[in-house]
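So the protein sequences, as listed, match chains A, B and C.
Under numbering that gives the first Met the number 0, think of the first position of the first sequence as 0, with each following residue one higher.
Under numbering that gives the first Met the number 0, think of the first position of the second sequence as 0, with each following residue one higher.
Under numbering that gives the first Met the number 0, think of the first position of the third sequence as 0, with each following residue one higher.
Take the hints with a grain of salt, since some may be wrong.
As the list makes no split between identical chains, a pair holds if one copy fits it or if it spans any two.
Unchecked claim - Derived DMTMM-like pairs (lysine to aspartate or glutamate); straight-line CA-CA distance at most 20 Å:
| no. | residue 1 | residue 2 |
| --- | --- | --- |
| 1 | Lys-5 | Asp-91 |
| 2 | Lys-347 | Asp-330 |
| 3 | Lys-328 | Glu-198 |
Everything labelled a hint here was simulated from the structure, so no lab data went into it.
Just so we're clear, the structure is a prediction, and the values are computed from it rather than from any experiment.
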Amino acid sequence: MSHTIKEIAAALGAEAFGAVDLEVTSLAEPTVAGADQLALAMSEKFIDGLAEGQARAAVLSAGTDWQALGLQAAILVSRPRYALAGLTTAMDAGPHIAPGHHATAVIDPSAEIGDGAAIGPFVVIGAGAKLGANAKIAEHVSIGAGAVIGDDAVIHSGARVGARVSVGDRVFIQPGAVIGGDGFSFVTPEKSTVETARESLGKADVTTDAQSWTRIHSLGSVTIGDDVEIGANSAIDRGTISNTEIGDGTKLDNLVHIGHNVRIGRDCLICGQVGSAGSVVIGDRVVLGGQCGLSDNITIGNDVVAAGATKIYSNVPAGRMLMGAPAVKMDTQVEIYKAMRRLPRVMKTVDALQKAVFKRDQND
Amino acid sequence: MSHTIKEIAAALGAEAFGAVDLEVTSLAEPTVAGADQLALAMSEKFIDGLAEGQARAAVLSAGTDWQALGLQAAILVSRPRYALAGLTTAMDAGPHIAPGHHATAVIDPSAEIGDGAAIGPFVVIGAGAKLGANAKIAEHVSIGAGAVIGDDAVIHSGARVGARVSVGDRVFIQPGAVIGGDGFSFVTPEKSTVETARESLGKADVTTDAQSWTRIHSLGSVTIGDDVEIGANSAIDRGTISNTEIGDGTKLDNLVHIGHNVRIGRDCLICGQVGSAGSVVIGDRVVLGGQCGLSDNITIGNDVVAAGATKIYSNVPAGRMLMGAPAVKMDTQVEIYKAMRRLPRVMKTVDALQKAVFKRDQND
Amino acid sequence: MSHTIKEIAAALGAEAFGAVDLEVTSLAEPTVAGADQLALAMSEKFIDGLAEGQARAAVLSAGTDWQALGLQAAILVSRPRYALAGLTTAMDAGPHIAPGHHATAVIDPSAEIGDGAAIGPFVVIGAGAKLGANAKIAEHVSIGAGAVIGDDAVIHSGARVGARVSVGDRVFIQPGAVIGGDGFSFVTPEKSTVETARESLGKADVTTDAQSWTRIHSLGSVTIGDDVEIGANSAIDRGTISNTEIGDGTKLDNLVHIGHNVRIGRDCLICGQVGSAGSVVIGDRVVLGGQCGLSDNITIGNDVVAAGATKIYSNVPAGRMLMGAPAVKMDTQVEIYKAMRRLPRVMKTVDALQKAVFKRDQND
Numbered sequence: 000m001s002h003t004i005k006e007i008a009a010a011l012g013a014e015a016f017g018a019v020d021l022e023v024t025s026l027a028e029p030t031v032a033g034a035d036q037l038a039l040a041m042s043e044k045f046i047d048g049l050a051e052g053q054a055r056a057a058v059l060s061a062g063t064d065w066q067a068l069g070l071q072a073a074i075l076v077s078r079p080r081y082a083l084a085g086l087t088t089a090m091d092a093g094p095h096i097a098p099g100h101h102a103t104a105v106i107d108p109s110a111e112i113g114d115g116a117a118i119g120p121f122v123v124i125g126a127g128a129k130l131g132a133n134a135k136i137a138e139h140v141s142i143g144a145g146a147v148i149g150d151d152a153v154i155h156s157g158a159r160v161g162a163r164v165s166v167g168d169r170v171f172i173q174p175g176a177v178i179g180g181d182g183f184s185f186v187t188p189e190k191s192t193v194e195t196a197r198e199s200l201g202k203a204d205v206t207t208d209a210q211s212w213t214r215i216h217s218l219g220s221v222t223i224g225d226d227v228e229i230g231a232n233s234a235i236d237r238g239t240i241s242n243t244e245i246g247d248g249t250k251l252d253n254l255v256h257i258g259h260n261v262r263i264g265r266d267c268l269i270c271g272q273v274g275s276a277g278s279v280v281i282g283d284r285v286v287l288g289g290q291c292g293l294s295d296n297i298t299i300g301n302d303v304v305a306a307g308a309t310k311i312y313s314n315v316p317a318g319r320m321l322m323g324a325p326a327v328k329m330d331t332q333v334e335i336y337k338a339m340r341r342l343p344r345v346m347k348t349v350d351a352l353q354k355a356v357f358k359r360d361q362n363d
Numbered sequence: 000m001s002h003t004i005k006e007i008a009a010a011l012g013a014e015a016f017g018a019v020d021l022e023v024t025s026l027a028e029p030t031v032a033g034a035d036q037l038a039l040a041m042s043e044k045f046i047d048g049l050a051e052g053q054a055r056a057a058v059l060s061a062g063t064d065w066q067a068l069g070l071q072a073a074i075l076v077s078r079p080r081y082a083l084a085g086l087t088t089a090m091d092a093g094p095h096i097a098p099g100h101h102a103t104a105v106i107d108p109s110a111e112i113g114d115g116a117a118i119g120p121f122v123v124i125g126a127g128a129k130l131g132a133n134a135k136i137a138e139h140v141s142i143g144a145g146a147v148i149g150d151d152a153v154i155h156s157g158a159r160v161g162a163r164v165s166v167g168d169r170v171f172i173q174p175g176a177v178i179g180g181d182g183f184s185f186v187t188p189e190k191s192t193v194e195t196a197r198e199s200l201g202k203a204d205v206t207t208d209a210q211s212w213t214r215i216h217s218l219g220s221v222t223i224g225d226d227v228e229i230g231a232n233s234a235i236d237r238g239t240i241s242n243t244e245i246g247d248g249t250k251l252d253n254l255v256h257i258g259h260n261v262r263i264g265r266d267c268l269i270c271g272q273v274g275s276a277g278s279v280v281i282g283d284r285v286v287l288g289g290q291c292g293l294s295d296n297i298t299i300g301n302d303v304v305a306a307g308a309t310k311i312y313s314n315v316p317a318g319r320m321l322m323g324a325p326a327v328k329m330d331t332q333v334e335i336y337k338a339m340r341r342l343p344r345v346m347k348t349v350d351a352l353q354k355a356v357f358k359r360d361q362n363d
Numbered sequence: 000m001s002h003t004i005k006e007i008a009a010a011l012g013a014e015a016f017g018a019v020d021l022e023v024t025s026l027a028e029p030t031v032a033g034a035d036q037l038a039l040a041m042s043e044k045f046i047d048g049l050a051e052g053q054a055r056a057a058v059l060s061a062g063t064d065w066q067a068l069g070l071q072a073a074i075l076v077s078r079p080r081y082a083l084a085g086l087t088t089a090m091d092a093g094p095h096i097a098p099g100h101h102a103t104a105v106i107d108p109s110a111e112i113g114d115g116a117a118i119g120p121f122v123v124i125g126a127g128a129k130l131g132a133n134a135k136i137a138e139h140v141s142i143g144a145g146a147v148i149g150d151d152a153v154i155h156s157g158a159r160v161g162a163r164v165s166v167g168d169r170v171f172i173q174p175g176a177v178i179g180g181d182g183f184s185f186v187t188p189e190k191s192t193v194e195t196a197r198e199s200l201g202k203a204d205v206t207t208d209a210q211s212w213t214r215i216h217s218l219g220s221v222t223i224g225d226d227v228e229i230g231a232n233s234a235i236d237r238g239t240i241s242n243t244e245i246g247d248g249t250k251l252d253n254l255v256h257i258g259h260n261v262r263i264g265r266d267c268l269i270c271g272q273v274g275s276a277g278s279v280v281i282g283d284r285v286v287l288g289g290q291c292g293l294s295d296n297i298t299i300g301n302d303v304v305a306a307g308a309t310k311i312y313s314n315v316p317a318g319r320m321l322m323g324a325p326a327v328k329m330d331t332q333v334e335i336y337k338a339m340r341r342l343p344r345v346m347k348t349v350d351a352l353q354k355a356v357f358k359r360d361q362n363d
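Chain A with its partners taken away, still in its complex shape (with noise of 0.2 Å):
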């Protein structure tokens, strides 16, 4: 499939210039470009790489001097990032997953089905299910009895859906993630151990009585907004009583743990491998980056911004940025990461003070 660059450009909102009507099959970085392709080089670094490849035609940073760098045409952006946006999703022909619905699927007579939707080898859906209009059901996907899927939505290869999980319109969901777990919540019939851990902040002496964990069944399910994206493998618990929940234009990137009762707003970005315990609450806009850790029955305002692998013990009031093991301000952890390099020579510092002023060695 071949777009002009006119085309393209219109597409993105930016300004064509040279020979628009040139046509290109794909994108690629500049120096292995064919003479076919698209080069993306609205960075500095990437603009040396014309020469070496065979490119006509380039998506360039507003400003820069196309016609010096022996192009025939360009398009010029003024924010890279967002017309990569656009260029990406006009060139992406979309999973491929056959229209109608393949004969190995089990559906539940009950279930109902949207116009449109497209279901894979091996599918299985639930009694009273419902599938929004044209959405795309992977192979080996599930989805548990009384789901209910969105119009336009994805859903890749081996996802699970849960019993009575309720997903958004136009949701993606890569491989393998599971919607629908259960909670992680379990009682003893007397006090813990982790009880009176979190109690005495460490101090107690712990029992070591014996203790056998009750399960606390999950009774609630999960419902997810529109425009949600779930990463691979990554994993949603269901509500105890109420459901946990993901709200509208929320991104989640791979291997997430999100637990039971979780609240988290609109609009928010929540990388790899990011962990939150029960109960949490989060607001809008709220970017966690790689590995966060949450505590259970925390509230994270709105805008919080927290730095890959910062493990948050505490509630956060909104608009703050954060990083660090617990989480502080993002710039005084910078301040704290720097003492800390310098501690071991501080250390020898304080020794020859103490020794100079009380007469003594160091005797901690």
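Guided by the hints, dock chains B and C onto chain A, whose structure is given.
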């Protein structure tokens, strides 16, 4: 399905008051409870919600004046979370896996299937596998050759139970869990950079000679006790020669990684995204918070409790409460964290002291 | 299947002593070894167990006086772990995937299947995919359109190989691994809070203007070299324009997350739950301990070794040994950790010094 207040109280071993023949259909949080639902208001913050919702009956903490709350009936409990276990168990209809063996399942003729076992679509059961009575096996599950599954076990969709793996009675395996992957165990013909690093604690130069990894195959299996729960998309590797072992009553949350040859005792709680390298020995009743990490070949004593994201690099005696990276005693770590926050300012004090005492600036 | 001591020694390139025609059926730890098993007692702590078990033959470290141990035969090896690789390889019958193509597999007519390939139940192979000779594809595996799988590759149950992904010869893919999910790449029309946070290192106020994320589609794929291993439930995302790459001989453990556009060199070891954000470049022979984290767009030189749970936020030169969060040189980090443990007490010393020298209390 509805239950009377009297029946529910009896199931909990708790006392019922008022119109104990009132029928309820399900549980709800007080603010959203309908007239046919049982409101859960065991903590102070939920009691106010009763007036907002429609519930005529509620579960309350012992000592609460239920009549003053305008309720027609009440169940009073002394340990609310434990009551929640009983309540949710009573109200949970359980996962829907149709009785019998689905026509699409591929079951080796030599497999032994217990009475009352339910086997879903597209399940694959290998040669010589044994399935206990009333086991429920959801769609897309793999059960390898020679694997043994206990009575009343529930294995959710897409979970993988490898060849020769043994799983006890009443075990819950959440979707996508993998039990019996190969151990991550490789060796180079000559000493590798990682061995050099460990021996020298990072002081030695790393040689840059090429090294290729040779696979140590996993001939052992995995043995899982009774009443164990394995979370969604968790992975438990088989042992090299002997088996990896998970003791009775131990619960693993989502996305947990258990390396080869690990032996975990009974009644442990291993929270989300915990990772244990190979050959770790974990005692009984150990609680590891989310994202804890354990180095290989260490021993964790009975009743150890580690806060979330604790990284444990060495042996831990029984009963110790741990926090931090690297792990230290929880109360010590709390002091270290406090000190770290003061650190940038204290550094300035030390600089000033150095100048005052030694008449020169700090030179570190 | 039984082997003579002589045969096994020959397979290892090691020397056999005593009754070298003795036959053994499998390997065992000394204490539990039967008379027909070969005991593994290469380390001191296992030698005592020989008396407890029934083994008549054992593998021992070079120089051990095997006759004094009451054995009838022995194999002496100079590098025990390397010998273990040879021993387990020799004794592993390999995963049981029946030869031929299972009747239930859905194989596109345009796919090319190599000689001797074994394809299990419910496998789905897309249009134009190519499967190498003797590849073993277990049940419930998906192989996308245009994917290429090398000779002798083993793909375990439920793994997902996405469209156009290329996998080399002799690769092992453990159950549930996802290769070729979409990259986690989103952009806002205007500058986002996370961009502001990065630029200001957390010092700027975060605007609370609404922002929605636009998807950057992943048009690239994933290229995996020969002799690679991918752990259970790991996830490797496809590139945006070019491909994500894993070099020959590199091994990934369970639950590893590799973001879009990452390029990993050859013969690396990437341990359990490591996460790499997008566009990271990792050299050859790099070893990352469990739960390491890598920020996006950084470069890790050849032969870098990072201890478990090291969090790497910036470029690392070749040969460096790292530890800690944030990562610093391993020996420096060991000093920092020691200093941190002393810190609460040293703080008191500084307070006392401040009082003595400046005649006032600390005021920080």
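Checked hints:
Proximity of Lys-5 to Asp-91 under the C-alpha cut-off of 20 Å is restricted to the intra-copy arrangement: shortest distance 18 Å within a copy versus 59 Å between copies. For the homomeric pair Lys-347 and Asp-330, the shortest alpha-carbon distance between copies (17 Å) is at most 20 Å, but the shortest distance inside one copy (27 Å) is not. Taking the shortest alpha-carbon separations for Lys-328 and Glu-198, only the inter-copy value of 15 Å comes in at or below 20 Å, while the best intra-copy value is 26 Å.
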